[in-house]
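The sequence shown begins at 16 in the working numbering and counts up by one.
No lab work stands behind these hints: they were computed from the structure.
Mixed in with the good hints, there may be bad ones.
Here are the simulated distance ranges between beta carbons [stated by the list, open to error]:
#1 130 x 36: 54 to 60 angstroms
#2 102 x 149: 41 to 47 angstroms
#3 341 x 84: 52 to 58 angstroms
#4 41 x 491: 22 to 28 angstroms
#5 102 x 130: 40 to 46 angstroms
#6 313 x 30: 28 to 34 angstroms
#7 130 x 495: 37 to 43 angstroms
#8 152 x 444: 28 to 34 angstroms
#9 35 x 341: 38 to 44 angstroms
#10 36 x 100: 25 to 31 angstroms
#11 342 x 464: 41 to 47 angstroms
#12 200 x 149: 30 to 36 angstroms
#13 92 x 36: 18 to 24 angstroms
Dumping the calculated EDC-like pairs for lysine to aspartate or glutamate here, alpha-carbon to alpha-carbon at most 20 angstroms [claimed, not checked]:
#14 350 x 393
#15 464 x 134
#16 350 x 389
#17 42 x 69
#18 224 x 141
Even glycine gets a Cβ: it sits at the ideal position worked out from N, Cα and C.
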Amino acid sequence: MPLRDIPRAVRNPKDHDLPAIRTSIEKFGCLVAGELDERTGRLVAGHGRLEVLEAMCEEGADPPQGIERVDPDDAWRVPIVRGWSSRSDAEAEAYIIAANRIPEKGGWEQQLLAEILDDIAAASPDLLELTGYTATDLDDLVADLDARSAEAGKPTADAFDLEAILASDKPTDGMSLAERFLIPPFTVLDARSGWWRDRKRSWLNLGIKSEVGRTARTYNMGFSHDEPHDTEGQGISVFDPVLCELAYRWFSPPRGQVVDPFAGGSVRGIVAASLGRSYLGIDLSETQVEANREQVQTILRPAAASSVDNDGAKHPQRAPGEVTYRVGDSRQILKELPGEFADMIFSCPPYLWLERYSEDPADLSTMTEDAFADSYADIIAEAARVLRPNRFAVLVVGDVRHPRTGRLVDLRGITIRAAEAGGLTLQSTAILATPLGSVALRTGPQFVKSRLLGRAHQDVLAFVKGERQMAADACGPVEVTMPDVLENQEIQSAEPSTTSY
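With the hints as extra help, turn the sequences into a complete structure.
Okay, here's the thing in structure tokens:
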């Protein structure tokens, strides 16, 4: 039927996501534009599709697949289902509602939905977006499935109840571990918990897009940091802002100087500054550094402005810290820094071959395993040199498979040996239990085929230079107040769940 000749329903209560409908039509075409009631001659289904098609036609766009242009004035003819007649106006309107409400009530078979979405994401992240789901939605879906599975196997009430123990573990001031330190400082950090996911979402809602500026190509999908994926369908690691927040609060002095020799994305700098720390990040990629600087200006400049009263009086304790980036080889730039410059070393090194960031010979991701270990040790030693005595260094690492032999390379061990050779002492380790994402879906076939376990964690290594008690004293009490930049974000007020620790 001619697009302009199709009457709409007199009343239609259904709202529409017109941008999403348009994106879908542009990608998939228009199989059917709507359904017509022969009795009234009006539309009973497809109002959103017709509204989008009209806008596209008026803009002079090319007709999508399934749409015909039949005359010189660019009028479009669209496919309409005809033949059904209502018996009354009430029945026609009942059908309009039923055609939308009944599919809503049907819901989804969650496990199968997750499997299909994961297959779509592996084929193309663009196709995933067209389904109306994002990589974060998929991550949340799998996490919910995992939580329900864990709940089904939860111990009975008379079994070991860690949550009850934590609730009763209150010192004389009456505060729980979570109230004192944001979450209990155990050796398992649960990034799958509702509290963690809500807080992470609040950080990202500031506009943090650590993947912007990344040019990494993933060569080994045996391990990835986190979702989302890059636009070419390869996993790009995005650092967890909640882990940043905990690391800075637990292991650095207020207003301290943080040095990051593998700066990568923007997350660690933005979170450091939001918590009043100064941050120096070093990275080989000028493109990455420029993208980081742009995000820092966009996100932190309003925060800096809000730290000044109407009378011009500044409140430095509320203002964000300074974020500085330098482009170049960390081995050389660290040598230029004076000794005892940093109050904390915090970084996440390249995971050998997992992601290749450039073809620069100085890029660790281009090196052989032995060359990587040597250069990595040099960088860690220089970072240790610029660290003040009685201060902490925190490195986040994970093992990675050799792309040719499949051998698991012990990056954790390489890091510990490099740090200790540089004068640092390993004082604590923790496991960061990461959102399962596609790991939950791929582990079954992987395990059946080769008995490989699905990797669902990262290693957090905390080192100290000097005496750990003096380093803890330098950090002072752990701050648990809400960062200014998050005050307008919606964050769960409940304490973190401890059932999974």
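Hint-by-hint comparison with the structure:
A hinted range of 54 to 60 angstroms is violated for the C-beta pair residue 130 and residue 36, which are about 26 angstroms apart. Under the hint 41 to 47 angstroms, the C-beta atoms of residue 102 and residue 149, about 43 angstroms apart, fit the expected range. A hinted range of 52 to 58 angstroms holds for the C-beta pair residue 341 and residue 84, which are about 56 angstroms apart. The given range of 22 to 28 angstroms is broken by residue 41 and residue 491, whose C-beta atoms sit roughly 55 angstroms from each other.
The hint said 40 to 46 angstroms for the Cβ distance between residue 102 and residue 130, and at roughly 43 angstroms that hint holds. Look at residue 313 against residue 30: about 31 angstroms separates their beta carbons, and that is inside 28 to 34 angstroms. The beta-carbon spacing between residue 130 and residue 495, approximately 40 angstroms, falls within the hinted interval of 37 to 43 angstroms. In this structure the hint that residue 152 and residue 444 lie 28 to 34 angstroms apart at CB holds, the actual value being about 32 angstroms.
Against the hinted window of 38 to 44 angstroms, the Cβ-Cβ separation of residue 35 and residue 341 comes to about 42 angstroms, which satisfies the hint. In this structure the supplied range 25 to 31 angstroms holds for residue 36 paired with residue 100, their Cβ-Cβ distance being about 27 angstroms. For the pair residue 342 and residue 464, the supplied restraint of 41 to 47 angstroms holds, since their beta-carbon distance comes to about 43 angstroms. At about 32 angstroms, the CB distance of residue 200 to residue 149 agrees with the hint of 30 to 36 angstroms.
As the Cβ distance of residue 92 to residue 36 is approximately 19 angstroms, the hint placing it in 18 to 24 angstroms holds. A hinted pair counts as satisfied when its Cα atoms are at most 20 angstroms apart, and residue 350 with residue 393 qualifies at roughly 10 angstroms. The straight-line distance between the Cα atoms of residue 464 and residue 134 is roughly 19 angstroms, inside the 20 angstroms bound, and the hint therefore holds. At roughly 16 angstroms between alpha-carbon atoms, residue 350 and residue 389 fall within 20 angstroms of each other, so this suggested pair holds.
Among the hinted pairs, residue 42 with residue 69 is consistent with the structure: their alpha-carbon atoms are about 17 angstroms apart, no more than 20 angstroms. This hinted pair checks out: residue 224 and residue 141 have alpha carbons roughly 17 angstroms apart, not beyond 20 angstroms.
Checked against the numbered hints above, the structure breaks hints 1, 4 and satisfies the rest.
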